[in-house]
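Each chain, written out:
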Amino acid sequence: MRVLSFILGRLAVTPIIILGLITLVFFIVRVIPSDPIAFIAGERATKEQIVELKQKWGLDQPLYTQYFIYLRQLAKGDFGTSFYTHQPVVEDLMRRLPATLELTIVAVILSVALGVPIGIISALGRNSWFDHLLRVVTIGGLSIVGFWLGIMLQMVIGYQLNLLPLTGRIDLHAPQDITGFLILDSILTWNGKALLSSLKHLILPATAIAFASFAVIARFTRAGVLNVLRSDYVLYEQAMGLPYALIIVKYVLRNSITSTVTQIGLVFASLLGGAAVIEMVFEWPGLGNFLVQSILLADYKVILGVTVWIGLVYIVMNLIIDIAQTIVDPRRIEQ
Amino acid sequence: MKKDRVLWQKLVQDRVAFAGFLIVFIVIIVGIFAPYLAPYPGDVRNIHLSERLQRPTLKHLLGTDEFGRDILSRVIFGTRVSFTIALIAVGACLIIGVPIGLYAGFYENWLSSVFMRIGDIFLSVPQIVLALAFASALGRSMPNIILALSVTYWPWFSGIVFAETRKVKKSVFIEATLALGASSSRTIFRHVLPNVLSPIIIRSTVGMGYTILTAAALGFIGVGAPPPTPEWGIAIADARQYLPEAWWCATFPGLAIFLTVMGFNMLGDGLRDLLDPRLRRGGREATKEGE
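So the protein sequences, as listed, match chains A and B. The first sequence begins at 1 in my numbering and counts up by one. The second sequence begins at 1001 in my numbering and counts up by one.
Read the hints as simulated data drawn from the structure, not as lab findings. Beta carbons: idealized from backbone N, C-alpha and C, even for Gly. It cannot be assumed that every hint is accurate.
Claimed, not checked - Computed spacing ranges between beta-carbons, pair by pair: (1) B/Ser-1113 - A/Phe-68: 23 to 33 Å; (2) B/Arg-1055 - A/Thr-167: 23 to 33 Å; (3) B/Glu-1175 - A/Ala-245: 41 to 51 Å; (4) A/Gly-168 - B/Arg-1005: 50 to 60 Å; (5) A/Asp-131 - B/Leu-1049: 22 to 32 Å; (6) A/Ile-69 - B/Leu-1111: 25 to 35 Å; (7) B/His-1048 - A/Lys-56: 44 to 54 Å; (8) B/Arg-1055 - A/Val-316: 32 to 42 Å; (9) B/Arg-1005 - A/Pro-15: 45 to 55 Å.
The whole structure should be built from the sequences, with the hints applied where relevant.
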């Protein structure tokens, strides 16, 4: 019952947070001192043209009217129209979401494949040289500038060694668009060349992203395993004479995995847009790069749309993680 | 005094934390004495096109950039820029976040919920995304970038202070203090605050490094400090078009960021172990901070 009321409470707060986010971003973005119309119209525009454009984009209305119009549009799933491409923002968002998801999934797989085993080994050999090494390596992972690492990878592996492509998602004809995920589409259309090309394009950006998330996952895995190792029931099992390997595999790992899984979820959510600068360096046609480009063009409708969209995805992801975690471990409500 | 000495001894014993402390200390010294340490202090602004894009030599230890400016000098002056941004931004986060967290955690009334929900709104997007939107709206200048970073980062402070205050409030000695007739404000500042200080110190240390990273990202994209500020992120962005030939232009500013942030993170990691054994090395409090 308490779990249910906790979940309902969380669900009730979510719309308030979403509305708050939309309001916050709307007013932030509209603070732009430069007049968006001046950008669109160009320097040679006449006064009449400017008035006409203002009317066309609804910028002649007072700010709060614009705000309510925007809310009404959003409720209908309309994220506005780009000043530059004249395309509905929502189309771009939908097209770019698979690109970001694909990159994020690969980056997370990389970080989990490395981070979880290393975290476990490090916890089991606490204070060994490996544990100390891991400490320095993971702090390094948290300290490195992702976009700089990306540039260094491009420079060494892309330019100098010429092993992997520098930018983009694919360099030949993309496979027929079915899901928007190039790897999946290549497999579905049985296109080996496209598959290879898209995989090659993924390696460098995914590595640049994974470096930080690997560190986070390794550290949380280590902390989680250590926590369980210190618990009374592990001591009890040891006293009962159970083989150490059995205790580790059957009890310690199974019980420590929840915290790691939660972290993986949080890392995943944070990369949907959070890796914007790395996407930009690799000219990855994803959400983050879209945001950066719209900022450079001062295309405020797009800035607004992408930020709200990333926020929505992020809020929903966090909500799912939160609920799943509560169902698995109801004790956390107390905290 | 004695407690401080014990803490210091422990810090020295933890090699990683001490190395972090040394790095931070050196970077601060370099920042303060930048005009005396930089071989060409004038190169913050001066342009020497005849010396552009020179490889590292004895004359220019880290080479020169596309305007012929000495990279070492600019990296040295860059410590001032990054430090100023991070110090003021984290300071502002403390000023906003700590009182809100203390209030919300101590009283737990409707106003607390309002404060915490407002914080949640800011936490509902990765910080870099919100900071980008903010910084681009405000325009390029040092005060604006500091504003964008503080406004989007304070909920990390109020959140942790809130959680800790709630825990401390439940303890018997707070109950006793209140029963003895101490006012709420006296209880908060004399008894609660000292007990939530450790997580605040840890948060601030790690937050310094994190803010330097975010500020560099903003500079790199072109919504941070305006040129010719010797900011590390801008330097990397400008260097991109001369890669891979002029590798030194992008490499050294990036290394400077890495080292500085690493110093803060090592120190923060060590402090976490020393001050708050419960938090022992989980990572950054939550991964929402991933770049």
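| Hint numbers not upheld by this structure, sorted from lowest to highest | 5, 8
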